[in-house]
Each structure stands twice: as C-alpha cells, then as structure tokens.
Amino acid sequence: MFPVKELKRSALISLWFAFLTFPIMVIKVNPIERTVDWRWDNMYFVAIGSFVISILSKVYLIRKERRSGRKKISRALTEPFMQRILREPRFLYPLSLAILVFAIAFPYFFSTYQTNIMTTALMYVVLGLGLNIVVGVAGLLDLGYVAFYAVGAYSYALLNMHFNMGFWTVLPIGGLFAAFLGVLLGFPVLRLRGDYLAIVTLGFGEIIRLILENWNDFSQGPSGIANISRPSFFGMEMSFDGGITYIYYLVVALVVFTIFVVNRLQNSRLGRAWLALREDEIACQAMGIDKTKTKLIAFSLGAFWAGLVGVIFAAKTTFVNPASFTFLESAIILSIVVLGGMGSIVGVIFGALILILMPEYLRALSEYRMLAFGGILVVMMVFKPDGIISNVRRSYRFKKHISHQTSDQS
Amino acid sequence: MDYFIELFFGGLTRGSIYALIALGYTMVYGIIGLINFAHGEIYMIGAFTAFIVATVLSIYGFPALAIIIIAGLAAAVWSSSYGYTVEKVAYRPLRKAPRLAPLISAIGMSIFLQNYVLLAQTSDFLPFPALIPEFAFMEPVAHIVGSSDLVILVTTAVVMIGLTFLIKFTKIGKAMRATAQDKTMAVLVGINVDRVISATFIIGSALAAIGGLLIASHIGQINFYIGFIAGIKAFTAAVLGGIGSIPGAVLGSLVLGLTESFATGYVSSDYEDVFAFSLLVLILIFKPSGLLGKAETKKV
Amino acid sequence: MKSALKKKLFVTAVALSFAMAVPAAGIAGDTIKLGVAGAQSGDLASYGLPTVKAAELVVAEYNAKGGINGKKVELLIEDDVCKPEVATNTATKLVTDGVDVVLGHICSGATKAALPIYKEAGVVVMSPSATNPGLTQSGDYPNFFRTIASDDAQAKTEVDFAINVIGAKKIAVIHDKGDYGKGLAEFAKTFIEKSGKAEVVLFEGVTPGAVDYTAIVQKIKRKGADAVIFGGYHPEASKIISMMKKKRMTTTFISDDGVKDDTFIKVAGKNAEGVYASGPQDNSTNPVSVAAIAAHKKAYNSDPGAFYENAYSAALALLNAIEKAGSTDMAAVVKALQTEKVETPVGNINFDAKGDAVGVGFAMYKVENGKYVEVK
Numbered sequence: 247m248f249p250v251k252e253l254k255r256s257a258l259i260s261l262w263f264a265f266l267t268f269p270i271m272v273i274k275v276n277p278i279e280r281t282v283d284w285r286w287d288n289m290y291f292v293a294i295g296s297f298v299i300s301i302l303s304k305v306y307l308i309r310k311e312r313r314s315g316r317k318k319i320s321r322a323l324t325e326p327f328m329q330r331i332l333r334e335p336r337f338l339y340p341l342s343l344a345i346l347v348f349a350i351a352f353p354y355f356f357s358t359y360q361t362n363i364m365t366t367a368l369m370y371v372v373l374g375l376g377l378n379i380v381v382g383v384a385g386l387l388d389l390g391y392v393a394f395y396a397v398g399a400y401s402y403a404l405l406n407m408h409f410n411m412g413f414w415t416v417l418p419i420g421g422l423f424a425a426f427l428g429v430l431l432g433f434p435v436l437r438l439r440g441d442y443l444a445i446v447t448l449g450f451g452e453i454i455r456l457i458l459e460n461w462n463d464f465s466q467g468p469s470g471i472a473n474i475s476r477p478s479f480f481g482m483e484m485s486f487d488g489g490i491t492y493i494y495y496l497v498v499a500l501v502v503f504t505i506f507v508v509n510r511l512q513n514s515r516l517g518r519a520w521l522a523l524r525e526d527e528i529a530c531q532a533m534g535i536d537k538t539k540t541k542l543i544a545f546s547l548g549a550f551w552a553g554l555v556g557v558i559f560a561a562k563t564t565f566v567n568p569a570s571f572t573f574l575e576s577a578i579i580l581s582i583v584v585l586g587g588m589g590s591i592v593g594v595i596f597g598a599l600i601l602i603l604m605p606e607y608l609r610a611l612s613e614y615r616m617l618a619f620g621g622i623l624v625v626m627m628v629f630k631p632d633g634i635i636s637n638v639r640r641s642y643r644f645k646k647h648i649s650h651q652t653s654d655q656s
Numbered sequence: 394m395d396y397f398i399e400l401f402f403g404g405l406t407r408g409s410i411y412a413l414i415a416l417g418y419t420m421v422y423g424i425i426g427l428i429n430f431a432h433g434e435i436y437m438i439g440a441f442t443a444f445i446v447a448t449v450l451s452i453y454g455f456p457a458l459a460i461i462i463i464a465g466l467a468a469a470v471w472s473s474s475y476g477y478t479v480e481k482v483a484y485r486p487l488r489k490a491p492r493l494a495p496l497i498s499a500i501g502m503s504i505f506l507q508n509y510v511l512l513a514q515t516s517d518f519l520p521f522p523a524l525i526p527e528f529a530f531m532e533p534v535a536h537i538v539g540s541s542d543l544v545i546l547v548t549t550a551v552v553m554i555g556l557t558f559l560i561k562f563t564k565i566g567k568a569m570r571a572t573a574q575d576k577t578m579a580v581l582v583g584i585n586v587d588r589v590i591s592a593t594f595i596i597g598s599a600l601a602a603i604g605g606l607l608i609a610s611h612i613g614q615i616n617f618y619i620g621f622i623a624g625i626k627a628f629t630a631a632v633l634g635g636i637g638s639i640p641g642a643v644l645g646s647l648v649l650g651l652t653e654s655f656a657t658g659y660v661s662s663d664y665e666d667v668f669a670f671s672l673l674v675l676i677l678i679f680k681p682s683g684l685l686g687k688a689e690t691k692k693v
Numbered sequence: 119m120k121s122a123l124k125k126k127l128f129v130t131a132v133a134l135s136f137a138m139a140v141p142a143a144g145i146a147g148d149t150i151k152l153g154v155a156g157a158q159s160g161d162l163a164s165y166g167l168p169t170v171k172a173a174e175l176v177v178a179e180y181n182a183k184g185g186i187n188g189k190k191v192e193l194l195i196e197d198d199v200c201k202p203e204v205a206t207n208t209a210t211k212l213v214t215d216g217v218d219v220v221l222g223h224i225c226s227g228a229t230k231a232a233l234p235i236y237k238e239a240g241v242v243v244m245s246p247s248a249t250n251p252g253l254t255q256s257g258d259y260p261n262f263f264r265t266i267a268s269d270d271a272q273a274k275t276e277v278d279f280a281i282n283v284i285g286a287k288k289i290a291v292i293h294d295k296g297d298y299g300k301g302l303a304e305f306a307k308t309f310i311e312k313s314g315k316a317e318v319v320l321f322e323g324v325t326p327g328a329v330d331y332t333a334i335v336q337k338i339k340r341k342g343a344d345a346v347i348f349g350g351y352h353p354e355a356s357k358i359i360s361m362m363k364k365k366r367m368t369t370t371f372i373s374d375d376g377v378k379d380d381t382f383i384k385v386a387g388k389n390a391e392g393v394y395a396s397g398p399q400d401n402s403t404n405p406v407s408v409a410a411i412a413a414h415k416k417a418y419n420s421d422p423g424a425f426y427e428n429a430y431s432a433a434l435a436l437l438n439a440i441e442k443a444g445s446t447d448m449a450a451v452v453k454a455l456q457t458e459k460v461e462t463p464v465g466n467i468n469f470d471a472k473g474d475a476v477g478v479g480f481a482m483y484k485v486e487n488g489k490y491v492e493v494k
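Protein chains in written order, with my numbering: chain A, 247 to 656; chain B, 394 to 693; chain C, 119 to 494.
Just chain A, same shape as in the assembly (with noise of 0.2 Å):
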C-alpha cells in the first residue's frame, strides 16, 4: 500500500529535523560552571516523530487525492454538509433554538468555573464578529483592533473611579468612545493601503497601550485601576456566583444582539459596499460608492463592538492594568476571524470558541501548552486556509431544467 520511494522521503525528511533542532535540542551548556550537557534521546524522539508525522501526512494527502478523483463530479454539485444546513432555514432555525436554549441553560449545569470561561470564549465571539467587519468584510487589515478594546475597559474603569458611574450608563458610553477613536485613526489612514494600513493599526495599538502605562495621573499606569464596581441588576447587589452568571447572561444577550446586527448589516447596502471595497477600490469608487464615508462607517463600528466588550471586561475582572492589551491578543483576535473563516459569522463563532476554550482545557499540558496552540495555528492554516467555515458569497444561479422552455422563473 505504501511506496517504498515514499518511505525514503520520509526517512530523509526525519534526518533532516534531526539535523535541524540538533543545537536547541541537544546540547544544552551551562556557561557558569562550562559544562554540556548532550541530550542525544531527544535527537531520537525528533527523528522518530518527524518520521512518523511525515508519513501519516503522506497517507492523507494520497487518500485526499483519491477521494478527491472519485468525487470530483458529485462535489461540484454538493455544497459542503455544514454551509448547507446553514443556508436551509428548516435546518438552521431548530438548530439556532437549540444552541439558545443550552447557552440559557449552560449555568444550571455547569461550575461556575465553566460558566465563567464560557463568558470569556463569547466575549471573544463578539470581539471577533466586530473585527469581522473591519477585515473580514471591508478588507481593512487591523492589526490593532485591540486599542478599541482598551478604550472600552478603561472609560467604564475611570469613569466608577471618578464619577462613580454605573455600568449600565458606561456600556453606551465605552462603545461610542470606541467608535470615536475607530473615526479619529480612520482620517489619517485611510489612503494606506493593504499592509501599510497594518503596521499603522499595530503601531496606534501600541501607542494606546503606552500612553496607558505612561500616563500614570491619567490611567495610574502599569499598576492598574482596582475595585472596579460589577454591573447591578436594577439597583440590586448580587452575590459572587449571581454575578458571574448574571454576567453570562448579559454577554449571551449581547452575541445574540451582535449577530442579528452583523447579520443585517451584511446583507444591507452598506455591507455590499464593503463588500464591493474589499474586491476592488476603484471599480467600487467608479460605481458611486462614497470610499470614505464606507470606510470610516467600517471602522468605527467594529471599533463600536470593541467598546462594549471592554466594558464588559472591566466589569467582569473588576480589574484593568495595560498588559492585558498587547499586540498578542490583538492577534489572537485576528486568528479567531481568520481561522473561522472571513466574513462568515458562524466561522467567527467557531473560531472564538476554539481559540479561547483550548488553552484553557490545554492546562492539562501544561508548559507544553503554548507549543501546541502555536502549532495547531499553522496546521488549521495549512489544512484549512479558507478557514473552518469559509463564508458562503450569495450567489445567483440561473437553474438549468432539462426542458429550456421554463428555466428561469423558478
């Protein structure tokens, strides 16, 4: 079954990892006393591992070629199994009531450690689905969506601080502020194009986040701003548990909120702008659409998401300080948009819970755990680059019947 011309691949491919990790992997020195220390087991686990995953990696690609043959007439019919539930109302509806109906359920059953990180992973939801919008569907690359984020977190934290303001007020407050800020660095960038406009977002990124850790009369610097008030529920205290699942439910409410606009917007005219933006600029100015308002509306409303779920943060850690918004969770974000496939918002979804539930239950491998979540990024890529779900375009199609008379009505 397996060639034997692949085996010698295969096992020229493991000499070459072994030579490859040979330094890191197996010496190890100690300048202070000069001593090495040579591992040479770990040179056999590489090779061995290498030669193993090569040759399982071969095994699908030749079945994936097989498949693929056979296949090849009824695929270009069939859609894939998940985006064809997805289109078919009968199937999307029930589902869509059962997924709401665990999520209300979720905390009856669950620890308060599960429901908690459960509100984590659909914060993440909503920051994914509101940078969705900026690159997904606009084709704005942001690589500093999380300044937005900050934004939100510290004006619900400064303004309990001084003006002892609560949550409920700030909610809007934190998103418009966002969005006000998403406008203020739309101006300046918006003749950049593609990668230009990406270091330019990392570098506004980093200039939030350091004037947050340097400002310290304005922000209280690196140390953070503590005892930040949890939301109230008209007025009432709530217990520690209470909040948390009052808060849960607060972020389910939110996803929901979330989808239903992202999922109009797409759809409006304002979507198929930002659409017709990320295919082609000036086809899209030639046909009358007004680049900078549409690209400023883009900006400002996925800054808008940012806001809120910045808010929400604050509230829900009762603690903000600026090393939680570096450049890495801004490209945590951009991964979860990326690897659930652009543009789609069950992608997004997918990919948030993936990304943000993982290394939590990775825990159990514990320093291994990075490793595996910055390995499983390039395999998910490799594998599946359009992403889990890749969005479905709406598309026209004229149906051909057998008899031409009648086609096109239907």
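Check the hints yourself; a few may be wrong.
To be verified - Far from chain A by the CB rule (all over 10 Å, computed), these chain C residues: (1) G185; (2) K288; (3) K300; (4) K315; (5) G392; (6) V408; (7) S420; (8) K453; (9) N487.
As the list claims (entries may be wrong) - To be clear about the criterion: a stretch of chain C counts as covered by chain A if any three or more of its residues have a C-beta under 8 Å from a C-beta of chain A, and this derived list gives those stretches: (10) 203-213; (11) 229-236; (12) 292-298.
Said to hold, decoys possible - Once the Cα atoms are required to be at most 25 Å apart in a straight line, the calculated DSS-like pairs of lysine-lysine come out as: (13) C:K442 to C:K484; (14) B:K680 to A:K539; (15) A:K274 to C:K416; (16) C:K363 to C:K388; (17) B:K489 to A:K630; (18) C:K442 to C:K472; (19) A:K254 to B:K481; (20) C:K288 to C:K307; (21) A:K304 to B:K687; (22) B:K489 to A:K304; (23) C:K364 to C:K339; (24) B:K564 to B:K687; (25) C:K189 to C:K151; (26) C:K151 to C:K237; (27) C:K315 to C:K494; (28) A:K274 to C:K388; (29) A:K310 to A:K630; (30) C:K415 to A:K274; (31) C:K339 to C:K307; (32) B:K564 to A:K310; (33) B:K687 to A:K537; (34) C:K151 to C:K453; (35) B:K481 to B:K564; (36) C:K388 to C:K190; (37) C:K274 to C:K287; (38) C:K453 to C:K472.
Honestly, the hints are just simulated from the structure, not real lab data. The beta carbon of each residue, even a glycine, is placed where N, CA and C say it ideally should be.
Chain A is already provided as a structure; the job is to place chains B and C on it using the hints.
Then chains B and C, alone, in the frame of chain A:
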C-alpha cells in the same frame, strides 16, 4: 554638542541593529508579499545557536578568532535551515490561499518557535559571551562609540552594499526581481520560482543570524523572547523605509534608531516608542509607500 | 485521516466535549484544601514555580505527621500566567473546587484581580511575593496577608542607603515601566524628595526588551547623577549596568530584590561587581530556613528559586493558623494569623491588622566576588 554626538552614534548603532533584522523582512515581503512574523524568531534562533556553539567551543579551549568564525557560520547555517523549513512547512502550501492565511500561519509559527526554544533550552536569561573584542585603538572614543558599535555599523554597511550588488548584478538577483514583479511571468520565462523563494528565505535568515550574533554579543544576554520585540521594531523600520526596498530598510532603520535616541535624550524615554510609532504614522500619511518605496499605480 | 465532513464533525465534537468536561468537584469535608496560584508557565514562570515546590514540601511534611486535626491537606495547583484576566478564572476555579485557603498569587496585578473573588467566598489568601503597598494598606482586602515586605518599605531602605551610606546628592531614578518596577521607583522618588538631602535628577522608564539602552545611559551621565536607583528586574538591570561600564561610567548602581537574584550575577558577570541591591533579610542562620533549603535540595536536587522561603513561610503560617483556629472559617483563621506566632524561614512571625508580616524587612546587599554579601 558632545551630548548630541553621543546620542547620534547611539542612534546609529540602534538603527543598524534594526537594519540587520529589517533586511530579512523586506526581502521576503518584496518577493511574496508576506509579513513574516517568524523572522524575529529566526533571529533569536541564530543568536541561540551562536551562543551554544560559542560556549561549547570555549569550554573545549578554542582560540577566540576560531570561536567567532565557527559560531557565526553555525548560526548562519542553522538559521537558514530554519528559514527554509519554515517557508516549506508553513508558507508554501498557502501560496494560493487567501492573503491573510499565511499571516496567521506566521503568527502561529512565531509562537511555536518561541515556546520550542523555551522548552528545549530555558526560560532564564543567559549570559552571551562577548565575542567582539575590545579594540585598543577605540579606547580614546570608547565613551562615545564602543568596539561592538563599530563592528555593527560596519557590518550593516557591508551587508547592505553586498545585497544591493547581489540583487542588481547576479543571476539569482535578477530572478528575484523578476519573481517579485510577476510570479506567473517569471515561471513562463523559465525561472524556478520555488527555488528563488527558498533562496530569499535562506539569505534573509542568514543575515538575521549574523545580526543575532552581533546584537547578542553587544547586549550580553539572550532569552527566548528577544526575537519578538526586535522583530516588531525591525518590521516597523522596514515599512518606514518602504517595504520591499533594500536601501529603504536600512534608511528606515536608521531614521527609527535616531528618532528613538534623540527622543530619549532630549524628551523622555517614557515615550520613546510613542515617538517611533507617531513618526511612522506621519511619514506614511505623506508618503503612503514609505520613504523609498515605489508608489504603486494600479491599472484598471 | 478524516474526510472534510468527518473533520468538521470532529472539530464540533471536540469543542462540545471540551465544554462538557466538568472537573469533578472535590468531596468537601474530609480534607483541607490548600490552593496554590501563580505563574506556572510563560515568561514569569520562574517566579511562580518555586512557590509550588515550597507548598508541596510543606504539605508532604504536614501529611506525614498525620495532617491537621486529623485531616489530610490536599493541594490544588492552578496557573494564572500572572495575567489579571486569567487570574480571575483561576480564582473562580479554586473557589468552585472548594478551596479553604490560598497560597498566592505571585504578581501584584493578578492578585488584585483575584482578591475580590476570594473575599466574596471567605477564603484567606497569602502571597509570598505580591509587594504592591495598596494590597494591605488600602484596607480593601481583610482576607489578604503576605510574607514579604511591601514596595514602600523596600524603597525606603534603598533611599536611606543611597543618601546616608553612599552619600549621594544627585540620584537618577530609572524603572522598567512595569507594575512592580514603576511602583517602587515612584516611592523612591517621593522618599528622596521628602528627605531634602538629595535631589532626583532624572525619573524615567526604559522599555523592557529594547535592543539598546545607550541613550538613557548617556542621559544619566549628562545629568551628573552620582547614584542610580533602578526599579525592575535583572535582565534590564544587567543591560543598563553593562552599557554604563562600556561608557566608562562609575556611577553607583542600587536596585531591588528583582535584581537580588543570582541570575543577575551570572548574566552581568564582572559588570555586576559593586552593584547594591535590597533584598529580604538574610536568614541563612535561621534553622527553619536551613531545613527548608535542605528539604528542597533533597527533593529536587537543586537550589530553590525566587521567593521560595517566603512561600515556604506562607504555607507554614496558613496551615498553622488553621490548626490553631481549629477550623477553616475566615474570621477564625484571620484571628489566628494575627495572634499566633509561628516559626518560619523568614523568622518568628505573626501578622498585623493590615495583613503585613511583623518583623519581615529588608537589608542591603552588595555584589562582591560574584556573590551577594549583606552590607552591615
């Protein structure tokens, strides 16, 4: 005035450090349009390899000159191998994928490599041996320019000139330019695009390794995380100068290094990075493709 | 391996089964649960792992003696990576698992984020390393204790030393913009200004991890500082000190217990000679401390890491208080901690009303011949 000169040379050194890393970024970007986030990690691995080899050799009593040459070669060889492998494993399968897929793959690779070195070696900071000797003739000006500063400045200049020659006048350089302009067309005229891209990664990684050796020797310490911060700064510098352009990367790095040095010297190091990034935004507003980047005219 | 469809189902199933996997909540009552929280992975792991080892050793010792009042002590170890948002998850997990007392967290920021959760649940927390003064002095956290002195006490030690012993008149205060370093530097600045005997010629932060510190070093030189007080950790300190040596400067360098770490001497090498650093009082003659270090060497065949003695002391103090109080009720444990003295590696201690250990202070050390020696 003395103070100004001191800050100026400090800025030059810092800029040259960025330049050694930025060159790799700009080469890769110029050819396949990918922000190679793992490049900072390649630099870190170069520094680590140099550290390991140099320490082993010094334990076995090799002479200083032999140590620096062998450690430099080993760093270059292994960094290039890592660069080549990373491209093959994480980027090549994604060449026809959507634009952002390789970017995420690069971020994943960066996290992976950091943790790989963390686990295989240590999370502690390690003392990097001072491979660059203190030159006697530099002693009178040592309070302004140290020996290692001088070596870094000279190396950057040599590397930049060498690279420009390589790209302008050699066969592989020609092939690189052709691939950068139009991949499909390059294939049609008989260029092995895969090989050209591999070569770009190998050269860029070797440069990063030399940078790693010199910089680590200058700072005197390494750990698994040094690549990330240096990488982001170098990338900023490459964009500032016009990404894809070799002289641009060096110019951008120097401008960035000098800005940071003067900002610290005359204002405050609290806002050093704020100055750096604000400068980037300002320059890009007026020159949207960087200092020396070619303005893209898009045909419809 | 799997077809596209199967893979999707697989991913879904994995995601769901992750969500379902509820950790079995411990059976309450028959054991005393000691939680250990702190950075156990990531770049700050070297500050959190020694605490885990200390807790393991103390608990093993207690259990070998038959536990506390007939109950065995059980360890619940959770990682918070020193991040506030993760720390709240960690704290929630510990509380959900029915923890009785907690040893941790390691970083001040993470501790601040986690404390309200423990407070609500009535859990006493004792940190071996969180030095932010607000934790005890604000009075917000009646359930918080620590076996390390706070930043302001440390800054006071450093400033007194710089002014009275070194005789510095112009002091440059440098920090690493971090939670710990900047907080300490600010206290140092205030104390110098209050003393009236010296002036602060420079107060600035450096960017941790930057490739080069030439500019800031030149600035220190230009300001004519005769001493530098640095707040932060050893990697930045050794970069600054070696840059100063390269520029042929002889300014006195004074730092904190983030630098009073043997790694600093290893990394900075001969440049470290003559550097002053404040650190916890020398306990090398204390028999409990000697025994604790010997236990570590026996169990792990290596020298203990950062905050090991503080963690060992905290574990002893917590378990002793439970034993004396006869219950794990918060009020009873707090009372026992305040009234009952206990013999620990950092001395014979009890705690004041705010939660700081009485009798734990700082001393100054100097690097001489590659070793930290206490300055008498």
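Hints, verified against the model:
1. G185: Nearest chain A Cβ is 27 Å from G185 (chain C), so the label holds.
2. K288: 23 Å, holds
3. K300: 5 Å, violated
4. K315: Its Cβ never comes within 10 Å of chain A, the nearest being 25 Å, so this holds.
5. G392: 19 Å, holds
6. V408: It holds; V408 (chain C) is separated from chain A by about 24 Å at its closest Cβ, greater than 10 Å.
7. S420: Holds, since 12 Å exceeds 10 Å.
8. K453: 23 Å, holds
9. N487: 14 Å, holds
10. 203-213: As far as the segment 203-213 of chain C goes, the hint holds, because 6 residues have Cβ atoms under 8 Å from chain A.
11. 229-236: Satisfied; 4 residues make the cut.
12. 292-298: holds (count 3)
13. C:K442 to C:K484: Status violated; Cα separation ~40 Å.
14. B:K680 to A:K539: Holds, at about 22 Å.
15. A:K274 to C:K416: With a Cα-Cα distance of about 24 Å, the restraint between K274 (chain A) and K416 (chain C) holds, given a limit of 25 Å.
16. C:K363 to C:K388: OK: K363 (chain C) and K388 (chain C) at ~10 Å, within 25 Å.
17. B:K489 to A:K630: 12 Å, holds
18. C:K442 to C:K472: Roughly 20 Å separates the two Cα atoms, so the pair holds.
19. A:K254 to B:K481: Cα-Cα ~19 Å, so holds.
20. C:K288 to C:K307: 12 Å, holds
21. A:K304 to B:K687: Distance of about 42 Å is beyond 25 Å: violated.
22. B:K489 to A:K304: Cα-Cα ~20 Å, so holds.
23. C:K364 to C:K339: 12 Å, holds
24. B:K564 to B:K687: This hinted pair holds, its Cα atoms lying about 23 Å apart.
25. C:K189 to C:K151: At roughly 10 Å apart (the allowed maximum being 25 Å), K151 (chain C) and K189 (chain C) satisfy the hint.
26. C:K151 to C:K237: OK: K151 (chain C) and K237 (chain C) at ~17 Å, within 25 Å.
27. C:K315 to C:K494: Judged against 25 Å, a Cα distance of about 22 Å means the pair holds.
28. A:K274 to C:K388: 23 Å, holds
29. A:K310 to A:K630: 13 Å, holds
30. C:K415 to A:K274: 22 Å, holds
31. C:K339 to C:K307: This hinted pair holds, its Cα atoms lying about 19 Å apart.
32. B:K564 to A:K310: Violated, because 39 Å separates the two Cα atoms, which is more than 25 Å.
33. B:K687 to A:K537: 23 Å, holds
34. C:K151 to C:K453: Distance of about 19 Å is within 25 Å: holds.
35. B:K481 to B:K564: 23 Å, holds
36. C:K388 to C:K190: Outside the cut-off at roughly 49 Å; violated.
37. C:K274 to C:K287: 16 Å, holds
38. C:K453 to C:K472: 12 Å, holds
Hints 3, 13, 21, 32 and 36, counting from the list given before, are not met by this structure.
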